[in-house]
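J.: Residue numbers (the numbering used here), protein chains in the order written: chain S, 7 to 353; chain Y, 345 to 793.
Every clue listed holds true.
Lysine-lysine pairs mimicking DSS-like chemistry, simulated, CA-CA at most 30 Å apart: (1) LYS586/Y with LYS604/Y; (2) LYS466/Y with LYS343/S; (3) LYS462/Y with LYS555/Y; (4) LYS590/Y with LYS515/Y; (5) LYS466/Y with LYS345/S; (6) LYS643/Y with LYS590/Y; (7) LYS555/Y with LYS466/Y; (8) LYS270/S with LYS343/S; (9) LYS462/Y with LYS345/S; (10) LYS343/S with LYS462/Y; (11) LYS47/S with LYS462/Y; (12) LYS345/S with LYS47/S; (13) LYS586/Y with LYS515/Y; (14) LYS555/Y with LYS692/Y; (15) LYS586/Y with LYS643/Y; (16) LYS270/S with LYS462/Y; (17) LYS555/Y with LYS693/Y; (18) LYS345/S with LYS270/S.
Ranges of calculated distance between the beta carbons of each label pair, as one might list FRET restraints: (19) ILE111/S with SER388/Y: 27 to 33 Å; (20) VAL336/S with GLY765/Y: 35 to 41 Å; (21) ALA356/Y with ALA333/S: 35 to 41 Å; (22) GLU44/S with GLY506/Y: 54 to 60 Å; (23) THR605/Y with HIS167/S: 54 to 60 Å; (24) GLY506/Y with GLY344/S: 51 to 57 Å; (25) SER388/Y with GLN267/S: 43 to 49 Å; (26) SER777/Y with ARG42/S: 30 to 36 Å; (27) LEU117/S with ALA356/Y: 34 to 40 Å; (28) SER777/Y with LEU117/S: 17 to 23 Å; (29) VAL222/S with LEU766/Y: 44 to 50 Å.
Keep in mind that the hints were calculated from the coordinates and are not lab data. These figures come from a predicted structure and were not determined experimentally. Quick reminder that beta carbons are idealized off the backbone N, C-alpha and C, glycines included.
Below are the chains, spelled out letter by letter.
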Amino acid sequence: MMGFIWFWLVAVMIVGYVVLDGFDLGVGILHLFLPRTEAEKRACLHSIGPVWDGNEVWLLAGGGTLYFAFPLLYASAFSGFYLPLMIVLWLLVLRGVALELRNHIDVGVWLSLLDGVFGLASALLAIFYGAALANVLRGVPLQADGYFFLPLWTNFQPGVHPGILDWYTVIGGLVALVALTLHGALWLSIKVSAELQSRACRLINPLLLGLILLTVVSLIGTIAVRPVSLDNYHRYPVTFVVPFGVLAALAGVWWFNRNRQPVKAFLSSSVYLFFMLAGACWGVYPTLLPATTGTDRDITLSRAISGPHTLSVGLAWWLFGMTLAVAYVVFVYSRFKGKADTDGATH
Amino acid sequence: MTPELIHRLHFAFTITFHYLFPQLTMGLGLLIVVLKTVALRSGSEEWDRASRFWARIFGINFVFGVVTGIPMEFEFGTNWARFSQLSGGVIGQPLAMEGVFSFFLESAFLGLFLYGEKRISKRMHWFSAVMVWLGSWISGFFIIVTDAWMQHPVAYSRLPNGQFEVVSFWKLLLNPWGLLQYMHNMTGAVITGSFVMAAVGAFYLLDGRNKHYGRIFTRVGVIAGLISTILIIFPTGDLHGKYVAKHQPAAIAGMEGLFKTETGAGIVLIGQPNEETGEIDNPLVVNNVLSFLIYGTTKAEVTGLDRIPRDQWPSALPLLYYSYHIMAGLGTYFVALMIAAAFLLWRKKLYASRWILWLLLISFPFPYIANTAGWMTAEMGRQPWLIYGLMRTSEGYSHVVSAGNGLFTLIGFMGLYALLGLLFTVLIYREISHGPHSRVPEVNTAMAD
Chain S
7 MMGFIWFWLV
17 AVMIVGYVVL
27 DGFDLGVGIL
37 HLFLPRTEAE
47 KRACLHSIGP
57 VWDGNEVWLL
67 AGGGTLYFAF
77 PLLYASAFSG
87 FYLPLMIVLW
97 LLVLRGVALE
107 LRNHIDVGVW
117 LSLLDGVFGL
127 ASALLAIFYG
137 AALANVLRGV
147 PLQADGYFFL
157 PLWTNFQPGV
167 HPGILDWYTV
177 IGGLVALVAL
187 TLHGALWLSI
197 KVSAELQSRA
207 CRLINPLLLG
217 LILLTVVSLI
227 GTIAVRPVSL
237 DNYHRYPVTF
247 VVPFGVLAAL
257 AGVWWFNRNR
267 QPVKAFLSSS
277 VYLFFMLAGA
287 CWGVYPTLLP
297 ATTGTDRDIT
307 LSRAISGPHT
317 LSVGLAWWLF
327 GMTLAVAYVV
337 FVYSRFKGKA
347 DTDGATH
Chain Y
345 MTPELIHRLH
355 FAFTITFHYL
365 FPQLTMGLGL
375 LIVVLKTVAL
385 RSGSEEWDRA
395 SRFWARIFGI
405 NFVFGVVTGI
415 PMEFEFGTNW
425 ARFSQLSGGV
435 IGQPLAMEGV
445 FSFFLESAFL
455 GLFLYGEKRI
465 SKRMHWFSAV
475 MVWLGSWISG
485 FFIIVTDAWM
495 QHPVAYSRLP
505 NGQFEVVSFW
515 KLLLNPWGLL
525 QYMHNMTGAV
535 ITGSFVMAAV
545 GAFYLLDGRN
555 KHYGRIFTRV
565 GVIAGLISTI
575 LIIFPTGDLH
585 GKYVAKHQPA
595 AIAGMEGLFK
605 TETGAGIVLI
615 GQPNEETGEI
625 DNPLVVNNVL
635 SFLIYGTTKA
645 EVTGLDRIPR
655 DQWPSALPLL
665 YYSYHIMAGL
675 GTYFVALMIA
685 AAFLLWRKKL
695 YASRWILWLL
705 LISFPFPYIA
715 NTAGWMTAEM
725 GRQPWLIYGL
735 MRTSEGYSHV
745 VSAGNGLFTL
755 IGFMGLYALL
765 GLLFTVLIYR
775 EISHGPHSRV
785 PEVNTAMAD
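In isolation and in its complexed conformation, chain S is listed as follows (with noise of 0.2 Å):
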């Protein structure tokens, strides 16, 4: 029962910080390209200015509940995913350095240098969550010890010995790269005005196109790889529900969108994420990481869960402190509700 239940806490954390770190490594993606001024460029960092640090910390408190409520699962894992976390942790660092100094300089060329630092890393930590998402869908060689190193990169396929990259998990990172390329273009519409908010609408049709492919070949990629992913699914009929949500989730985006109702084209943009990351869970669970090399060597949710008493006092306070968090993020967000400052910095 604590394994059930702190198997969804977690996920639900994880939720969280794709939902909201989503977005604005999705405006940090257009940032890129879509801002064509200065004054263009500043309403879209503004647009996340105050809340991504907040964002961030979803991936701290939940990468702390995954150390405490499984921890042979964040010991194997965070070893085993060496090479790519450590790339992944060098690209949260030049991210967030780079957003936030772009309040204290004024130079221009140091600008575009910190613009071009700060949209990259963005595009690649997407892409890296979506291939890790990826990876623990298709598995990974496990050894007998409940551990394993896995290369950046083999032959490009999925086997018994594959890479943190093959074609599988690239398709993963393409889906996330596109998934929140779309969801911070949702949010731009929502919190920027003239001229750049119809440039980030124009966007929002071609994404959703494009991302609708790419869902639909990831699902059919995943079943290929891993074919006991369904079994759940077949288990319990009704969760089939889920592949209808992201597609509903999708189909809103693009009613909102077109009814000018930007809110709740970005909510469904949000459901469209939680239901497919619900839905991978739910084609994994009870196992948190699947081996490669034998169901037997699977990392379940009874071999990694913490004792007893860890787990039922932790429930107590993680109740108490994330029902306290999300009223400072009602809060906070609240208080930046509507359009981006566009007056410059206050700091």
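Once you have looked at the hints, place chain Y on chain S.
T.: Below, chain Y without anything else, positioned relative to chain S:
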């Protein structure tokens, strides 16, 4: 180079660089609250501008703290997997609580504090400053709880699979080691904040610009500096040292360079520990003082390294010894400097005494060195244990990550952090050059002076 060494260097390098930033965040956070409070109560525009100036520096510093802090939480898993697997049920708890209770609070109110001044009331803006400060101190608390458990494991049991399990949540959080270390560490952070603020003030006064702000900064820095430099020695350092002596005799012996158990042990002020001969070379010793400091009597016996099995000696003995001596030596200098400065402030001579302003200006790097040396003392004193008495460092690193892969990312971090260090220096230099009137410098500076 063994994988163990690489993983140790990896963590040591990234955490040492990281902690340069949070110590200022935590110290300055408190001082900004002081500035904001005076501004709010007096309605003074100058104190408000003073706080806004420090908020800009705080903002830059905070971001560097965040981006260098994210890797730390990951490195438990990436570089210390076997340790994490066994200890996650205990120390994963405070680490997750840091995220849930501190980072959400801190980031939410930092956004309001830095970006929201026009959207919220003055009182709410003051409140945001308080929450940011509080968030940073809560964050520090959970990190200390984590470290304290590795230094002095309490409130745990072992599950059949070898994992550690919490048996008492409150005993874990209120680990006496952690409380003592927390007081000592936070005082150290306030020292960094005070010295930095006083140094900027001294710079303006010596340079003859922004004089009014120079006085505010020097005054606040010196008063906070006097209080914190006294507290760092007594009671926090004193109590913490005695507790370490009780529970980690090997660490104390290594820190003091005490090779032989002695009654009425003397304290070594200067000298080089020689592991081969088991003696201090070129020693300058004050008799009986160590016994007195630890046990309150000059006759007490202090355990030396001779009573400790060789395989439990701190593994980097000379470095431990030097770290401790650097920390303690600088701490003594700090209190002398701040007493002198506070005396001149009281006699209303501080702002014109160029010699002490010069000392205040050039002393700002020393608290960074002292804080770093203090942490090196704590962590190298713990060696060769990862969890004191329970798990050796050699048993905890990620065995699947080879030395080659570890060195690859260590070099990557070194390059990246060299760049960050340069950027930080340039940005802070720029803010200080612009001064508290950075938006329209020329006109306002002329008017204010």
